[in-house]
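All chains, full assembly: derive it from the sequences and hints.
Keeping their order, the protein sequence lines are chains A and B. Position one of the first sequence corresponds to residue 1 (my numbering), numbered consecutively onward. Position one of the second sequence corresponds to residue 1 (my numbering), numbered consecutively onward.
Rather than coming from a laboratory, the hints here were simulated on the basis of the structure. Please note that a few of the clues may not be correct.
Unchecked claim - Here are the computed lysine-lysine pairs in the DSSO-like style, where the Cα-Cα straight-line distance is at most 30 Å:
1. A:K320 x B:K321
2. B:K294 x A:K7
3. A:K20 x B:K294
4. B:K294 x A:K315
5. B:K108 x A:K473
6. A:K7 x A:K20
Only a predicted model underlies this, so the values are computations on that prediction, with no experimental measurement involved.
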Amino acid sequence: MAEKQPKPEDLAQVDYRPPKKGWMDPHVDFRKGTYCYSALAKNIEYLGMPNPRDWQPFDADWKLPPNWKQIILDGMKDRLEKYRSFRLFMDICVRCGACADKCHFYVGSGDPKNMPVLRAELIRSVYRRYFTPAGKAFGALAGGRELTEDVIKEWFYYFYQCTECRRCSVFCPYGIDQAEITMIGRELLNLLGLNINWVIEPAANCFRTGNHLGIQPHGFADSIGFAVDELEEITGVRVEAPINRKGAEVLFVTPSADYFGTPHYYTLLGYLQLFHEIGLDYTWSAFAGEGGNFGLFTSHEMIKRLNNKIYAEAKRLGVKWIIGGECGHMWRVIHQYMDTMNGPANFLEVPKSPITGTVFENAKSTKMVHITEFTSDLIRNGKLKLDPTRNDHWNVTFHDSCNPARAMGLFEEPRYVIKNTCRNFHEMPENTIREQTFCCGSGAGLGTDENFEMRMRGGLPRANAVKHVHETKGVNVLSCICAIDKANLSTLMEYWVPGVEVAGIHEFVGNALVMKGEKERTTDLRGTPLRGKEAAHA
Amino acid sequence: MSALYSLLTVLVLILLAYFGVAAAHLGVLFGTVIPFAAIAVFLAGLAYRVVKWANTPVPFRIPSTCGQQKSLPWIKQGRLESPSSTLGVMGRMALEVLLFRSLFRNTKAELRDGPRLVYGENKWLWLGALAFHWTFLVIFLRHLRFFMEPVPRLVNLLADVDGFFQVGAPVLYVTDLVILAALLYLLFRRLRDPQIRYLSLFTDYFALFLLLGLAGSGVLMRYFTRADIVAIKELAIGLVTFSPVIPKEVGPLFFVHLFLLCVLLAYFPFSKLMHAPGVFLSPTRNLANNNRMKRHVNPWDYPVKVHTYAEWEEEFHDKIKAAGLPLDRE
Chain A
1 MAEKQPKPED LAQVDYRPPK KGWMDPHVDF RKGTYCYSAL AKNIEYLGMP
51 NPRDWQPFDA DWKLPPNWKQ IILDGMKDRL EKYRSFRLFM DICVRCGACA
101 DKCHFYVGSG DPKNMPVLRA ELIRSVYRRY FTPAGKAFGA LAGGRELTED
151 VIKEWFYYFY QCTECRRCSV FCPYGIDQAE ITMIGRELLN LLGLNINWVI
201 EPAANCFRTG NHLGIQPHGF ADSIGFAVDE LEEITGVRVE APINRKGAEV
251 LFVTPSADYF GTPHYYTLLG YLQLFHEIGL DYTWSAFAGE GGNFGLFTSH
301 EMIKRLNNKI YAEAKRLGVK WIIGGECGHM WRVIHQYMDT MNGPANFLEV
351 PKSPITGTVF ENAKSTKMVH ITEFTSDLIR NGKLKLDPTR NDHWNVTFHD
401 SCNPARAMGL FEEPRYVIKN TCRNFHEMPE NTIREQTFCC GSGAGLGTDE
451 NFEMRMRGGL PRANAVKHVH ETKGVNVLSC ICAIDKANLS TLMEYWVPGV
501 EVAGIHEFVG NALVMKGEKE RTTDLRGTPL RGKEAAHA
Chain B
1 MSALYSLLTV LVLILLAYFG VAAAHLGVLF GTVIPFAAIA VFLAGLAYRV
51 VKWANTPVPF RIPSTCGQQK SLPWIKQGRL ESPSSTLGVM GRMALEVLLF
101 RSLFRNTKAE LRDGPRLVYG ENKWLWLGAL AFHWTFLVIF LRHLRFFMEP
151 VPRLVNLLAD VDGFFQVGAP VLYVTDLVIL AALLYLLFRR LRDPQIRYLS
201 LFTDYFALFL LLGLAGSGVL MRYFTRADIV AIKELAIGLV TFSPVIPKEV
251 GPLFFVHLFL LCVLLAYFPF SKLMHAPGVF LSPTRNLANN NRMKRHVNPW
301 DYPVKVHTYA EWEEEFHDKI KAAGLPLDRE
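Here's what the structure looks like:
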């Protein structure tokens, strides 16, 4: 964050008046703070993707291949024939504008090209010009637009100003999903070697080492080992955390941020406590050590390439089924893509909780269960001894992460866990939660420092809803089930709503969980003294 | 500007038909040739587009879930907003197609000082759209009386209900008022709202002006110029029985009405009006949220380059060993 940051009161002055020039003018001003830096050549090369080279978005010359136009048009044709979604969404929009103020980037920036309808028109206009009879015959009159280098730059700017959160698709009368259009748009840009490093480096790392940060196996083992030690200090209980163990019943996969990021780390402690306490026969994997999948922000092919490890590792280790940790976009991939791309997982068994006997019928084909589904079932069956007073210092609200909300429908499970582990819980306003939840503003790979201004703009609607419950209900912690959220909401809160912390759901579980043989707990997992135990701690 | 061009285009179309018949006596062209051509284009174009969509694969099951998934038995599923069965999907689609469910969610976000974001109710677009589409359907069905002899009882019943208020002679149809009001609202909204105006294209206004012209000419004929209904019915039945006649009592205003309809029909398959059949095929709405229960198959799936465990172990062999983790190959 070397750049000078704009002040919140300045960012809050949003000008919604559309510019004088019409939207068909593609020119973009790459202003610092509103875009991400380019993908490094070494990462593109490692993944075997086209046109690795040194360039930056603010350069005049993007060093496109000489036949770039043909590549894009061929790429569009190919995808129009492969994806009904893409073809249909190019054809049926009536430009009613219902989606316009549903996008967090539009609300926060006032830039009309951030209205989902116009962001889609950026590519739709090219589709009309080159692929429809009306557009070929009448050009601009029929909404067609020439494909020029400026259009490519404009696509880059705006398709990396969309977090693929799907909120617009909830409001669209035809279900047109900008996430789908952005995904295809980014795929096309990738054909020219246009990507951002914050997406492609984690993807390359993940491909090679098994996690986004490029942590190697011994580093992975160290991180988990460190957490086990720390947990013993806090609880007095030493837990087992086996890694790459063959023959375990369950493989556990979680986003790597859980073992190297804060506040994710406290969620990791919660998982470790939980699995120990119920005596789950499970294993971590350093090879499939990443639940997140930045392929989702790159191309469908890359989703498949990165996701492949989970089933491959489950098979190698001989586990029966898989549990997945708290992560947003990971769960879009698990829920909507994994089985299709890398299944069928007929070497696994239908997930059945060894503690409660519950069969997870909803995961009978994919064989992967969300951790909040698993935990809420344990709580429902009275298998956990919980002391919610140990979370009394928290006044909680819950942020539905985009993908578990709108690509999965996971609403009640996390709430059930929170309400059983915390005594103070307040919802944010109705149209900012559940299927209408607002993105953190940094999803889909946009969480970089150089993109700070745009992230804070995009996060404004979410932050504003938190501010409301912070001021009216005294909420002091924003909980969520997404690793990108945990990273970005922390920054977002610091910027817009100081005084609100960010936490994962299993941090609350960890705090509340009464473990056999534990010592008297005086602090929570963060080392903060528990309410009423301040003296004991001192 | 695009609004003005669209208006002018529709006016030219109107004048073309009016004087084409009144001055150039091209009744056969406007009353027979063009209608047959327009219907042919409409049917062929519609079929072509829909078949093309239908033949494009759906590689992934990507419903937008707007309600609780089906998971544990004690958690109440949102059966219509996140359906996991075919029946649920049909319910969701019915709500979408008949009642514009998603549009009903519409709100208006407003950023006030503070900053404070507030979200207001905003059902006008939903109401206007619903009013237009339903009245259009009723009016279309009412028009069947011009094409059928004897007129089916249901069509007469519909007309009776529509004319329920028994105002004026001929009786005023409520739908005639509503469709004009709805179209004018949709036009007004497009022109008034700076954002919508900014993104609107020529084609957006064209569709509205065309429909306004169509409805307006119909209203003129029924309530003001009192067109010769018997003659018009003769012409209409001639068209549907493929034995066209052009009775000379049919005035030029009718040809304007018919011509605008023909333009609408011929324009339909090439335009955004294809949203009507398209909504049925939308993969974020017409697929069940049963992803983890039932595997979806991608017909064009292909093998990709992956990083295998063996490659991983080979690269990090010593480090895995040093960390005390198990190895497949010592």
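- Item | Numbers of unmet hints, in rising order | 2 and 3
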